[in-house]
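Participant: Residue-level listing of the chains:
Number of protein chains: 2
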Amino acid sequence: MVKSTPLKVALLGCGVVGSQVARLLIEQAEDLRARIGRPLELVGIAVRDLELERPGIDPALFTSDALGLASRSDVDLVIELLGGIEPARTLILAAIGAGASVVTANKALLAEDGPTIYSAAEAAGVDIYYEAAVAGAIPIVRPLRESLVGDEVTAVMGIVNGTTNFILDKMHTDGADFEVVLAEAQRLGYAEADPTADVQGYDAAAKAAILASLAFHSRVKLADVACEGITGVTGDDIAAAKEMGCVIKLLARCVLSPDGTIAVGVHPTMVPLAHPLAAIGGAFNAIFIESRNAGRLMFMGPGAGGSPTASAVLGDLVTAARNRVRGGRGPAESTYSGRGITAAGDVSSRYYVAMTVHDEPGVLAQAAATFARHGVSLQAVRQESEGEQARLGVMTHLALHRQVAEAIDELDAMPEVATGISLMRVEGA
Amino acid sequence: MVKSTPLKVALLGCGVVGSQVARLLIEQAEDLRARIGRPLELVGIAVRDLELERPGIDPALFTSDALGLASRSDVDLVIELLGGIEPARTLILAAIGAGASVVTANKALLAEDGPTIYSAAEAAGVDIYYEAAVAGAIPIVRPLRESLVGDEVTAVMGIVNGTTNFILDKMHTDGADFEVVLAEAQRLGYAEADPTADVQGYDAAAKAAILASLAFHSRVKLADVACEGITGVTGDDIAAAKEMGCVIKLLARCVLSPDGTIAVGVHPTMVPLAHPLAAIGGAFNAIFIESRNAGRLMFMGPGAGGSPTASAVLGDLVTAARNRVRGGRGPAESTYSGRGITAAGDVSSRYYVAMTVHDEPGVLAQAAATFARHGVSLQAVRQESEGEQARLGVMTHLALHRQVAEAIDELDAMPEVATGISLMRVEGA
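Residue numbers (our numbering), protein chains in the order written: chain A, 568 to 996; chain B, 568 to 996.
Treat the hints with care, since some could be wrong.
Repeated chains share a single entry, so a pair holds when one copy, or any two copies, can fit it.
As a list, the in silico SDA-like pairs of lysine to any residue whose alpha-carbon atoms are at most 25 Å apart [what the hints assert, rightly or not]:
#1 Lys809 / Ser944
#2 Lys737 / Ala806
#3 Lys737 / Ala846
#4 Lys570 / Arg906
#5 Lys737 / Pro843
#6 Lys570 / Glu719
#7 Lys575 / Arg893
#8 Lys788 / Thr828
#9 Lys809 / Ala846
#10 Lys737 / Gly650
#11 Lys809 / Cys794
#12 Lys788 / Gly905
#13 Lys737 / Gly862
If you are wondering where the hints come from, they were derived from the structure by calculation, not from laboratory data.
Assemble the whole structure, with the sequences as input and the hints as a guide.
Facilitator: Shown next as structure tokens:
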């Protein structure tokens with residue numbers, strides 16, 4: 568039974584994603600109406616620049632008064648696609664205050680101050696959906712909030728930034744250095760003019776905070792996420808990874824530690840070729856989940872782009888609209904477990920440690936003894952002479968970061984060690 | 568805010584999945600209570616054999632009166648894990664009639680007579696959830712019903728039967744014949760004593776009907792699914808696939824045809840090694856989705872087994888329970904598009920055609936001319952002499968099944984063709 572009174576939709580932001588959402592709301596109007604049970608009516612689009620040409624969208628819809636649009640009491644659904652903390656937060660809170668349900672793709676805001684938004688939505692009895700905030704069109708928020716809600720998730724990790732995945736991919740295939748590949752990625756439009764948020768890992772860290780919150784029913788904020796970008800990844804690292812049967816990926820990793828705290832970080836990580844995440848190339852994203860009963864699941868697809876992100880936004884919009892039509896609401900924030908964050912030194916992982924040593928008898932034995940003294944057992948060792956020096960690479964079994972760091976400090980002070988020591992995490996058991 | 572009045576749960580069936588669900592309801596009671604906002608209370612388990620030992624479950628819960636349990640007016644949620652058409656249908660309808668929401672893993676019933684169940688649930692204002700009916704713990708029903716509901720899905724295809732995937736895998740790696748590998752799979756517990764439903768493709772066909780219904784907002788029933796099992800796959804087929812850079816997978820394939828009808832079938836299919844589905848090995852399942860805006864997505868994980876299936880059942884149970892607590896309901900059946908089924912002859916695919924011919928001049932030219940006459944263009948041809956005969960293998964570009972079948976009929980009548988002609992679908996563009 569399709570009723571004819573439309574649900575009113577306001578759109579905040581009309582960039583790559585917003586303009587695609589606006590076009591799809593018009594093009595797919597009949598399908599959306601049938602799926603919701605009532606038509607949607609786009610009543611306004613808030614933009615900064617009213618003069619910009621936006622073909623295919625009725626110019627009468629545009630307004631520069633974002634707060635006025637978000638606060639309209641007759642609007643049922645508000646889509647926020649501005650990004651950033653302000654004015655997005657103020658506008659979302661205004662929309663919630665006026666009784667609208669909100670769909671957003673704003674990972675930065677949710678990772679920084681999600682609880683303020685969630686609490687306001689709960690108090691007002693409206694929905695907040697944000698599937699598009701993590702991994703574009705790949706359904707991951709809904710599977711964690713709903714499909715796996717009867718299970719115990721023990722780890723969520725993934726490749727959630729396409730720009731860095733593209734760059735690391737090229738470094739592997741071309742053997743080229745980071746700066747060279749970054750310049751090419753910028754030329755091809757895979758990296759932005761200011762690539763900081765991507766290459767320093769901040770974008771992935773915001774997504775990790777959201778994933779960890781959902782997976783472990785806790786509040787994890789951006790500041791809780793240990794964050795390391797890919798700017799320090801060298802050609803030597805890539806070569807070492809190849810030798811160890813791995814590729815280097817920028818992994819967002821959220822894992823339940825043995826003491827019940829949450830280890831959450833973004834790091835360049837060696838991933839063994841046999842691991843499903845190793846094969847995720849180019850601008851693709853993938854999320855890997857381990858849970859007590861479901862076992863190991865993986866979801867992959869395009870992690871960014873106007874159309875994929877618009878697909879995720881519209882999926883949320885239809886869900887929120889159906890709730891208006893059929894009554895009821897989507898799931899609220901779930902933080903009952905109140906888990907803390909694992910201290911940096913207590914993060915358990917495998918690690919790869921590389922250093923250049925003077926090629927003298929007994930150096931390897933000393934290095935091995937140093938690791939052993941700190942309780943770190945070794946899974947693989949590679950030593951290769953280069954004239955009077957040798958490259959020494961060591962892959963550990965599972966160890967605490969503190970143990971490995973202490974061993975490195977000691978090694979660093981040894982006269983036999985010629986250069987600074989590099990450290991990288993290794994995924995997989 | 569957690570209220571203390573429990574929601575009452577009745578469980579129908581206590582086999583591998585049911586006993587795991589019962590145990591998890593007890594073990595995870597505190598987590599489930601926190602996630603739902605009210606505790607769950609398991610009030611009864613209907614079983615056929617009351618005498619059977621079921622360790623870890625309170626014997627007082629068991630009853631042989633399934634209808635009495637399903638019809639209890641104080642029960643909020645009924646989990647149906649009996650499988651098969653009857654008595655499952657009668658019990659589910661009784662539960663709905665008594666006002667309970669229903670969670671089921673019953674693919675056979677939903678593929679055969681889902682609309683009767685969905686209509687009853689809609690009329691009674693209760694939920695029907697069935698994530699566990701397709702691909703075990705892999706979230707796929709919810710992504711199709713909710714995440715992608717704002718998009719236009721154009722194809723859903725997947726490996727949805729672990730037994731046949733295990734058998735085909737072994738045939739590839741060992742070069743062994745179907746019967747030999749089947750016997751081994753039965754010995755290892757990967758195939759049942761009566762493997763008919765798996766190896767004939769009926770299990771996959773039921774899942775294909777459910778996936779097609781969801782993806783295309785139509786009613787697709789088991790009888791609509793063209794179904795071909797793997798019993799006819801030979802060592803020659805495997806060798807031909809390898810030569811073409813493919814592996815053979817039993818694919819459930821639901822595709823929107825150019826005329827707007829739905830092509831839905833289960834067939835042994837050559838999948839190019841570069842396709843993400845080619846790498847899915849052993850008892851794993853994977854579903855590949857193509858949609859207009861989201862692009863290409865893939866979901867993979869364990870497709871069967873007690874714990875993974877129990878995870879999917881509990882995810883649905885928590886969602887249905889939350890709806891009771893927060894008000895509202897999940898999405899209903901969506902059939903507004905009313906699409907028909909593509910006629911067998913109109914199914915568009917790539918095909919691989921193999922035959923043995925007398926090794927005489929001009930045979931290849933005649934075969935090629937026959938395909939051309941029926942509008943079938945060829946992408947690759949392999950011919951290999953074997954004494955006085957030659958093996959001829961032909962991979963077509965996209966063609967209609969009717970065109971290829973007509974060409975085969977004509978070739979079959981040619982004196983130069985020595986043996987029966989084999990035909991297999993090929994996935995990918």
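Participant: Next, verify each hint and record whether it holds.
Facilitator: Status of the hints after comparison with the structure:
Taking the shortest alpha-carbon separations for Lys809 and Ser944, only the intra-copy value of 22 Å comes in at or below 25 Å, while the best inter-copy value is 42 Å. In this assembly of identical chains, Lys737 and Ala806 lie within 25 Å of each other by CA distance solely inside one copy; the values are 13 Å within and 34 Å between copies. Both within a single protomer and between protomers do Lys737 and Ala846 lie at most 25 Å apart by alpha-carbon distance, with minima of 14 Å and 23 Å respectively. In the homo-oligomer, the alpha carbons of Lys570 and Arg906 lie at most 25 Å apart only across protomers (22 Å), although the nearest pairing inside one protomer, at 45 Å, exceeds that limit.
Proximity of Lys737 to Pro843 under the C-alpha cut-off of 25 Å is found in both arrangements, the shortest distances being 19 Å within a copy and 20 Å between copies. Proximity of Lys570 and Glu719 under a CA criterion of 25 Å is satisfied inter-copy only: 22 Å between copies versus 41 Å inside one chain copy. Proximity of Lys575 and Arg893 under a CA criterion of 25 Å is satisfied in both settings, with 16 Å inside one chain copy and 24 Å between copies. In this homomeric assembly, Lys788 and Thr828 come within 25 Å of each other (Cα to Cα) only inside a single copy, at 14 Å, whereas the closest approach across copies is 47 Å.
In the homo-oligomer, the alpha carbons of Lys809 and Ala846 lie at most 25 Å apart both inside one protomer (14 Å) and across protomers (21 Å), since each shortest distance falls under that limit. Taking CA atoms no more than 25 Å apart as the test, Lys737 paired with Gly650 passes in neither setting, with 29 Å inside one copy and 50 Å between copies. With identical chains, the CA atoms of Lys809 and Cys794 are at most 25 Å apart within one copy only, with a shortest distance of 24 Å there and 44 Å across copies. For the homomeric pair Lys788 and Gly905, the shortest alpha-carbon distance inside one copy (13 Å) is at most 25 Å, but the shortest distance between copies (46 Å) is not.
Taking the shortest alpha-carbon separations for Lys737 and Gly862, only the inter-copy value of 23 Å comes in at or below 25 Å, while the best intra-copy value is 32 Å.
Hint 10 from the earlier list is the only one contradicted by this structure; the remaining hints agree with it.
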